[in-house]
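S.K.: Sequence:
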Amino acid sequence: SETIIVTGNDLKQLRAEYSDFNIENDIECLILAPLIFRRELVGKVAYMLSDAAQLQEIDIALMQQIAARVALSMHSLRGSQHSTHSQAKSTDILIEETYDHYQIFDDIISQSEVMSNVLDQVAMVASCDSTVLIEGETGTGKELIAAAIHKMSRRCNRQMIKMNCAAIPDGLFESELFGHERGAFTGAIKNRVGRFELADQSTLFLDEIGDLSLALQPKLLRVLQEHEIERVGHNQLINVDVRLVVATNVDLLARVEDKQFRSDLYFRMNIFPIRLPPLRDRAEDIPLLVKHFTRLISKKMGKNIRAITQESMRCMTEYQWPGNVRQLKNFIERSVILTRGEVLNAPVHELVGMGQPVSGHVSAKEFSPVAVHNNDETISREAIIEALKESNGIVAGPRGAAVKLGLKRTTLLSRMQKMEISSKDYLVER
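Just so we're on the same page, my numbering is the position in the sequence shown counted from 1, plus 1498.
For the record, the hints were derived by calculation from the structure and aren't laboratory data.
Be aware that a few hints might be false.
Okay, derived cross-link-like pairs now, DMTMM-like style, lysine to aspartate or glutamate, Cα gap no bigger than 20 Å in a straight line [unchecked claim]:
1. K1757 x E1706
2. K1798 x E1728
3. K1798 x D1779
4. K1717 x D1779
5. K1660 x D1698
6. K1827 x D1605
7. K1827 x D1779
8. K1798 x D1756
9. K1827 x E1641
10. K1660 x E1633
11. K1688 x E1641
12. K1649 x E1500
13. K1717 x E1728
14. K1717 x D1698
15. K1827 x E1840
16. K1688 x E1728
17. K1542 x E1526
18. K1717 x E1706
19. K1887 x E1831
20. K1797 x E1840
21. K1660 x D1709
FRET-style restraints, in silico, Cβ to Cβ [to be verified]:
22. E1611 x S1548: 44 to 52 Å
23. R1824 x L1670: 48 to 56 Å
24. E1755 x S1920: 47 to 55 Å
25. S1614 x R1897: 54 to 62 Å
26. A1544 x S1920: 44 to 52 Å
27. P1771 x M1799: 36 to 44 Å
28. E1848 x N1655: 39 to 47 Å
The beta-carbon is built from N, C-alpha and C at its ideal position, and this holds for glycine as well.
Given only the sequences and the hints, what does the whole structure look like? Please build it.
M.R.: Printed below as a string of structure tokens:
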């Protein structure tokens, strides 16, 4: 599972034992990089050098990144071929493959089509050094997307540097970004390295870029254009190689029109915009997020929470979540604190007072718990049929059977196929 460099006698032996590999006689060095997907070795990619001295010029880390993308492409191709052959049986196979495909993104939990499109964009832009503008409401996960871009880039071996523009006073902003020399201003008792220098050869993530003052905007534009900075109190230019990812929860174009944001800086940053959907537009992801946060937080608190009531799950799925994923996570944390048994005590009645009222009549049977640690054997045939009846044969969507059972729709469809249950049998005729 590690990159192997083969030269000299080892290469001769390899050439003799694997004649089908077609290693030319003029090849002096062979680099074998593993193709790994989801911790499984799926093959190797070979780089051949005619001159062993060229090895000193090879970026092994970059080769490993290329190999990782080859493995990812192989998996996507296999999923595409599989879905083509299986299309007559079910068009949902592709959705399942897409969901598996995106398990490589740490901490990004989703099965919705809208988030799949976002993650497709992340995969597209990660390998290049173009500036990325991430737009989205507060709490939608902009920093997670920035981290995913960094982890898939050639700069992943270095730490991503982060800075929240809204948290830095205007008087200190230039020093934070570019650094300062000792004595540059009152309180500057020693030299300070700024965020751009810290992010050299790495990625700099600037959150809330819309709060950057007009006075500092041309200085940031100059760095993007010239790739050099100047510390406060110093007249020497310092070259930096930084990939910039910025994020905002405001309409930057509207600020440009209002003369609150420079148009040249906006268009320089808007090379590859990624728009994150609010949680209310990806309701099918809510059950996954609820179970994920419940498992994560209950483990940290040393609690053994194994289930969530169906009514709690329904209320959380139908709620609009103006604070998005961050609000949902905080709500689950409060719920875990309140829980004393194995069933999550989610105070869903509190959501009504936060706006976007939760509707629907609560029946006793709706309080049957949904397992937090679902697997194929957790949900019975009777429970699936009952959920299909209640949802009028609808499997997906916020009112579908999958949500009522707390399952991914692909998991439910697979379970239904094994049990020979057809959703058509429970469709309501109109």
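S.K.: Each hint: holds or not?
M.R.: Hints, verified against the model:
1. K1757 x E1706: 17 Å, holds
2. K1798 x E1728: 44 Å, violated
3. K1798 x D1779: Not satisfied, since the Cα-Cα distance of roughly 29 Å exceeds 20 Å.
4. K1717 x D1779: 37 Å, violated
5. K1660 x D1698: 13 Å, holds
6. K1827 x D1605: Holds - the C-alpha atoms of D1605 and K1827 are around 12 Å apart, at most 20 Å.
7. K1827 x D1779: 17 Å, holds
8. K1798 x D1756: 46 Å, violated
9. K1827 x E1641: 15 Å, holds
10. K1660 x E1633: 16 Å, holds
11. K1688 x E1641: The given pair, whose Cα atoms are some 31 Å apart, is violated under the 20 Å limit.
12. K1649 x E1500: Holds, at roughly 18 Å.
13. K1717 x E1728: 10 Å, holds
14. K1717 x D1698: Holds, at roughly 17 Å.
15. K1827 x E1840: OK: K1827 and E1840 at ~19 Å, within 20 Å.
16. K1688 x E1728: 16 Å, holds
17. K1542 x E1526: Given pair K1542, E1526 holds - Cα atoms ~19 Å apart, limit 20 Å.
18. K1717 x E1706: Within the cut-off at roughly 17 Å; holds.
19. K1887 x E1831: 33 Å, violated
20. K1797 x E1840: 12 Å, holds
21. K1660 x D1709: 15 Å, holds
22. E1611 x S1548: 44 to 52 Å: Given about 47 Å between the Cβ atoms, the range holds.
23. R1824 x L1670: 48 to 56 Å: 26 Å, violated
24. E1755 x S1920: 47 to 55 Å: Hint holds: Cβ distance 54 Å, inside 47 to 55 Å.
25. S1614 x R1897: 54 to 62 Å: Violated - the Cβ-Cβ distance for S1614 and R1897, about 21 Å, lies outside 54 to 62 Å.
26. A1544 x S1920: 44 to 52 Å: 49 Å, holds
27. P1771 x M1799: 36 to 44 Å: 38 Å, holds
28. E1848 x N1655: 39 to 47 Å: 44 Å, holds
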